[in-house]
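Visitor: Each chain, written out:
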Amino acid sequence: MAIRERALLGVLILATSMAVVTTIGIVAAILVESLRFFSIIDPSSFFFGTLWSPQIAIREDQAGAAGSFGFIPLLVGTLLITLISLAVAVPMGLAIAVYLSEFASSRTRGQIKPILEILAGIPTIVYGFFALVTLSPILRDLGAELGVEVAGESALAAGLVMGMMLIPFIASLSEDALFAVPDSLRHGAIGLGSTQLEATARVIIPASLPGIAAGILLASSRAIGETMIVVMAAGIAAHLTINPLEAVTTVTVQIVTLLIGDQEFDDPKTLAAFALGLSLFALTLVLNIIALHIVKRYRQSYE
Amino acid sequence: MVTIETRDASASARAETIISAQKVNVYYGDFQALKEVSIDIRPRQVTALIGPSGCGKSTFLRCLNRMNDLILNCRVVGKLLLNGEDIHRPGFDVVDLRTHVGMVFQKPNPFPKSIYDNVAYGPRIHKMANGRSELDGMVESSLRRAGLWDEVKDKLAGLGTELSGGQQQRLCIARAIAVEPKIILMDEPCSALDPVATGRIEELIFELRRDYTIVLVTHSMQQAARTSQRTAFFHLGELLEVGDTNDIFTKPRHERTEAYITGRYG
Ligand SMILES: Nc1ncnc2c1ncn2[C@@H]1O[C@H](COP(=O)(O)OP(=O)(O)OP(=O)(O)O)[C@@H](O)[C@H]1O
Ligand SMILES: [Mg+2]
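Chain order of the listed sequences is A and B. When we follow our numbering, the leftmost residue of the first sequence carries the number 46, and every step to the right adds one. When we follow our numbering, the leftmost residue of the second sequence carries the number 61, and every step to the right adds one.
Keep in mind the hints are simulated off the structure, nothing from the lab. Careful, some of the hints might be misleading.
Calculated pairs, DSSO-like style, for lysine-lysine (alpha carbon to alpha carbon, straight line, at most 27 Å) [to be verified]:
1. B:K213 to A:K341
2. B:K95 to B:K139
3. B:K83 to B:K95
4. B:K173 to B:K139
5. B:K167 to A:K341
6. B:K95 to B:K311
Interface residues of chain B toward chain A, partial, derived using beta-carbon atoms under 8 Å [to be verified]:
7. N125
8. D156
9. T159
10. G162
11. M163
12. F165
13. N169
14. F171
15. Y181
16. G182
17. I185
18. R235
19. V239
20. K242
In this text, a Cβ means the ideal position worked out from N, Cα and C, and glycines have one as well.
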C-alpha cells in the first residue's frame, strides 16, 4: 500500500517536473539564441527600428549588408490586427454572454453553449482560409464599390476573422464572470425597482468587470500569438501603417517566414526569429499575468 | 382553515389597509408553500411575521413585491391588493410596484460600488433628482434616516462592501429608503448581525415606523415584541393567527402560537 502510493506519487511528481523542465528548457533555448542575435544586431536597433527587411541579408550582391531588423512595424501590425479583432469580439462576445447569463432561459442556454464550444474548437487555419477565400474578396469588392482601395491581404480582413475566432472565447469567459456575480445583487437591484436591463447594465456588468477585463486580456494574448489566420490573411511585407485597409505583417508571420526554407543556424535572419519569439513570449506572458492577477483579486472579493 | 384575527386596539385603524392579501396560495412546482393566506397590512405600522423555519414567511414577503416572479417554478394564486389595486392584474407595472414596496434582505447585499453610489442607485434609475446637489441631499438624508451618516460621511467614496456587516445592512436600508417607498419589506434583517448592530437596526425600525409601513420577518420573539404593533404567526404554510403584538404575546388564541412564542414549539 505504502509502496504503491509512493510509486504513484513519484509518477505524479515526475509528470509535473517534466512540464516545468520543458518550459524552462524552451525559455532557455529562446533566450540563448536571442542573446546570440543581440550580439550581432544592436538591441536598440531591433526594439526601436522602424524598418523590417531581413531579406536584404541573403542577397549575394549585397553581402555586406546585415539586413534591417526593426521590430516596430511588426509590433504595430500585430497590435493593429489585435485591436480590430477585439473591436469585433468584445461587443459581440459580451452581448452573447449577457444574453446567455441574464436573459436566456436555461433551455436556450443549453442549446447555444455547445454551438459556442464548436465555434471555439474550429482550427484557426479554417478561419484563415475563410478570410483568404471569402472575406478578402468581399472587402476588396466592397472597397471598389465605395471607391477606396483595399489590399488583397488587409489588416481588416485578418482582424475581422480573428475577431470571429475570439467571440466564443470572450463570450465564455465573460459568461463565467457574470455567472460569478451572486444572485443577491440581482435581487437587490430588482428590488429597488430596476428593470432587468438596468440591473444588468448598472450592477451586474460593473460587478463582473474585472473578470470581463481579464477575459479580454487573455483574448488579446491569444490574438497576439495567433499565427495561421495572419499567415493566410495578413501579408508578409512589413509596412509601418495603421491603415486597416493596407497589408501589414505580424510578429508570428515573420517568425514563420524567417524559419521556412534552408537557413544557416547562425544566420542573423534565423536568429531574429528567436528574438521575435522572445518578445512575443514576454508580451503574452505579461498580459496573462495581469489577467490572472485580476481574476484572483476578483474571486476573493466574492468569497 | 380560518385565521384567528384579534380585534384592533383602535377601531379607526381597522378601516385602513395598505396591502390586502386574500386567499393567497403559493406553489413551488407541486409543493404548496402557502395555503389560503389572508391578511390586511395596516399603513405606518410594523407588522411582524413569525413562525418556525420553512413555514413560508419569506415566501409571503416576496409575494408583496412580486419577487417570487424571479423564482422559476414559483406560482402565486390569489389576490394581492396594494391600495385596492390588484398587483397581478395584466398590465400592472411590476417595476413601479417595487419602487413603492422596497426590500431589505436577510444578508446585507450592498453593490460593489461606493457608499454614495449605493444610496444614489435608486434615485438615479428613477431620475428622482435634478442635478448633483439634489442627489447629494437625497443621499445624505437617506443615510441619516438609516442612522449611518455620522459613520460614513467622511468616506462616501469608499466601497459599500468594505463596511462592517451591521453598517452594510444600514446601508441597504438607506438604499431602500432613498427610493422613497411607502412600504419596506425586511426579511430577517438582523440574522447576520451581532447584538449591538441588531439593537441599532431595531431602533431604526422603531424610528421608521412613523413614516413607513414595514413588514418584518423575524425569528426573534423579542424583536417582534419590541418593534412591531401587529404580529402574524405562520405555521406550515398557513397563517394561524394575526393580531396586536401585545395580545399575541400576552394572550395568544391559538395553542400553537402560544407553544411557539413560549419556546415550547417542536
Ligand atoms: N425556490 C424554492 N423552491 C422550492 N421550494 C422552496 C423555494 N423557496 C422556498 N421553498 C419551500 O417553501 C417553504 C417555505 O419557505 P420559506 O423560505 O418561505 O420559509 P421561511 O418561513 O422563510 O423559513 P426560514 O425561517 O427558514 O427563512 C419551505 O418548505 C421551503 O422549502
Ligand atoms: Mg425565510
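Visitor: Decide, hint by hint, whether the structure agrees.
Guide: Going down the list of hints, with the structure as the test:
About 31 Å separates the Cα atoms of B:K213 and A:K341, which puts this hinted pair outside 27 Å; it is violated. With a C-alpha separation of about 13 Å, the suggested pair B:K95 and B:K139 falls inside the 27 Å cut-off, and the hint holds. Distance check on the hinted pair: B:K83 and B:K95 sit about 8 Å apart at the alpha-carbon level, within 27 Å; holds. The suggested pairing of B:K173 with B:K139 is violated, with an alpha-carbon distance near 38 Å, which exceeds 27 Å.
A hinted pair counts as satisfied when its Cα atoms are at most 27 Å apart, and B:K167 with A:K341 qualifies at roughly 24 Å. Restraint check for B:K95 and B:K311: the C-alpha separation of about 25 Å stays at or below 27 Å, so the hint holds. Taking 8 Å as the C-beta cut-off, the interface hint given for B:N125 holds, the closest approach to chain A being about 7 Å. The beta carbon of B:D156 comes within 7 Å of a beta carbon in chain A, closer than 8 Å, and the hint placing it at the interface holds.
A cut of 8 Å between beta carbons decides the hint on B:T159: the least distance to chain A is about 4 Å, and the hint holds. Nearest Cβ of chain A to the Cβ of B:G162: about 7 Å, under the 8 Å cut. The hint holds. Among the interface hints, the one on B:M163 holds; its C-beta lies about 4 Å from the nearest C-beta in chain A, closer than the 8 Å criterion. With 8 Å as the threshold, the beta carbon of B:F165 comes within range of chain A, its nearest partner Cβ sitting at about 6 Å, so the hint holds.
At its closest, the beta carbon of B:N169 sits 4 Å from a beta carbon of chain A; the interface hint therefore holds under the 8 Å criterion. A least Cβ separation of about 5 Å between B:F171 and chain A falls short of the 8 Å threshold, and the interface hint therefore holds. Satisfaction of the interface hint for B:Y181 is found here, the shortest Cβ-Cβ separation to chain A being roughly 6 Å, below the 8 Å cut-off. Because the closest C-beta pair between B:G182 and chain A is about 5 Å apart, less than 8 Å, the hint holds.
At a threshold of 8 Å, the smallest CB-CB gap from B:I185 to chain A is about 5 Å, leaving the interface hint in force. Restraint check, B:R235 versus chain A: the minimum CB separation of about 7 Å is within 8 Å; hint holds. Look at B:V239: its Cβ gets to within about 6 Å of chain A, closer than 8 Å, so that hint holds up. With 8 Å as the threshold, the beta carbon of B:K242 stays out of range of chain A, its nearest partner Cβ sitting at about 13 Å, so the hint is violated.
Hints 1, 4 and 20 from the earlier list are contradicted by this structure; the remaining hints agree with it.
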